[in-house]
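From first to last, the protein sequence lines are chains A and B. With my numbering, the residue at position 224 of the first sequence is 224, and numbering never jumps. With positions in the second sequence counted from 1, the corresponding number in my numbering is that position plus 1000.
Calculated from the structure, these hints are not laboratory results. Since the model is a prediction, treat every value here as computed from it, not as a measurement. Check the hints yourself; a few may be wrong.
To be verified - Just so you have them, the derived chain B footprint on chain A, three or more residues with Cβ under 8 Å:
{"id": "1", "region": "95-103"}
{"id": "2", "region": "116-128"}
{"id": "3", "region": "282-290"}
{"id": "4", "region": "298-305"}
Here a beta-carbon is modelled for each residue, glycine too, at the ideal position from N, C-alpha and C.
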Amino acid sequence: MRRLYLLGAAAVVLVVLPFVLSDFRTVQLATVGAYFIAIIGLDVLIGHSGQVSLGHGGLMAVGGYTTAILMAHHGVQDLCTIPLAALVAGAVGLLFGLPALRLSGLFLALATFGIAVVLPTLLKRFDHFTGGSSGVALFGLPQQSGQGAGYLGMTNDTWLYALTWTIGIALFALAWWLLSSRFGRALRAARDSEPAAAAVGINRSAYRVAAFGISAAYAGVAGALYAINVAYVSPDTYSVQLSLFLLVGAVVGAYGSIWGALGGALLIEFLPDLAGTLPHVSSKEAGPATFFFGAVLIVIVLLLHLVRKVSAR
Amino acid sequence: MANFAQQIVSGLAIGGIYGSLALALVLIYRATGVINFAQGELATLSAFVCAALVGHGWSFWPAFGITVILSFAGGMGLHVTLIRPLEQGPLLGIVIVTIGLLIAVNGLDTWIWGGQVHQFQGPFSTSPIHVGGVAFSKQDIGVIAVSVVALTLTGLLLSRTKLGLGLRAVAANPAEARLTGIPAGGMYALGWGLAAALGAVAGVMAAPSLLLGPNMMQTVLLYAFAAALVGAMVSPLGAVLGGLGLGVLLNLLGTYVHWIGGDLRLAVALALILALLVVRRHA
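The whole structure should be built from the sequences, with the hints applied where relevant.
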């Protein structure tokens, strides 16, 4: 019951926020929504199936480029590209989930890290398709649903915020339902004990691959919304750093708790601003913010370990 | 033919850098069973330190020596402060800490030295030296020589000294090594120190040709992963030969296969990594 109140309060805050905040903050919060979706997907993978990915920025790129190419080259309305982005990224995730079955956590981390590093170079190389280093610009296209009249008299920024968070809440609810259903229990059983899961007839491989597919589809939607929000995609939009920051976000959410995803998403967007409040540090500088991301990640892992050690005593 | 010989030599030069970083990865993997994702960034930091010393008027070789020693101490320090507290916990915790370190060191470099790339004047001139009518770069030959010295010293340390025996014993069987009185914790820290020192050699040697910047070693790390996997992450010799072979192979592919060119070398390395991972099952 308490949870329902909390959920209600969160919904009220979400609706009220764009009316009290500046347009700039509203756009920032729309971006938080995209991170939120990607981190939920990462939580499904890391927290519940026990597989790690350092390459979710790459899957966001698959979603983002699907949206951008469909909008710019095929005249598809941005809203219609979102499910397609989920499908394409999900399919890529399923395909990657198969070889991932053969890798332990350590080497899966290595393989996904490699993909995150290499993907931008591929996006630059096959430029007839992706626009190369200059990317694909979406600004001012008639396929943008927020441009011009907009819906319900909203400004473009408010519309992007509403769109991102409506989808974010829906996907949050879907993940919550999925993880508390039979599927979620089977996934965790397959993670915790292979023989026990096999004994009750759970096909461990199928669940692990499915988790990869679902997680990738979430990243695809996040990438699509990110592209729609910024109205632009380029290889640098989805850098290695994004993949690593998503991992920071998932770890901050104490991997497994999809509630923590919100905290992680807020951290990714606002840590640079937060670092900027320190003396002699500008929020425009990349260095300090990046340094603090790393430091936060290290401190959290050490603290979590300490807490676990103390509570085990 | 002359071009072919040049490409082989410059491939060996960059391959020696891959091999040094790969050996660093192998040392840590064998000692503590983790992949240190921060190995490349630590090497970049070492290169920045060396450049700063040179910028303060030091001549190159003393600055290089001090950098290697500082990196060794720093590597041991990192193990004691960040890695050892997590040794009893799940492996994923340590891996995530090394990723945190990767991000933090990259940020620190950018914070102190800025995001742009800097020229770094190495100890070797870039003028050519003529051997049998073919012009080789003196820098390439010098880098190969330094790599050979660093790798040989590490090899001798591992195979011929009591310290190396201790390192190998702890890697092979920690429990029994402890019973024979080898301080396992100290050996692990030593492994991290050695790895950081090797990384420093790789970083400083890479800086003149790759240009010194916060992301300098990002791609080199991926090549080093591929090289280390040639030796299944555990064989020092495999890592070194893998590095040299990869350097030459990628240089030749980049030169003679136009479809690959300079852009797809990284993708070739990734394909090699994925193939080695999937074909060989790693426990």
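Hints, verified against the model:
no., hint, verdict
1, 95-103, "holds (count 3)"
2, 116-128, "holds (count 6)"
3, 282-290, "holds (count 6)"
4, 298-305, "holds (count 5)"
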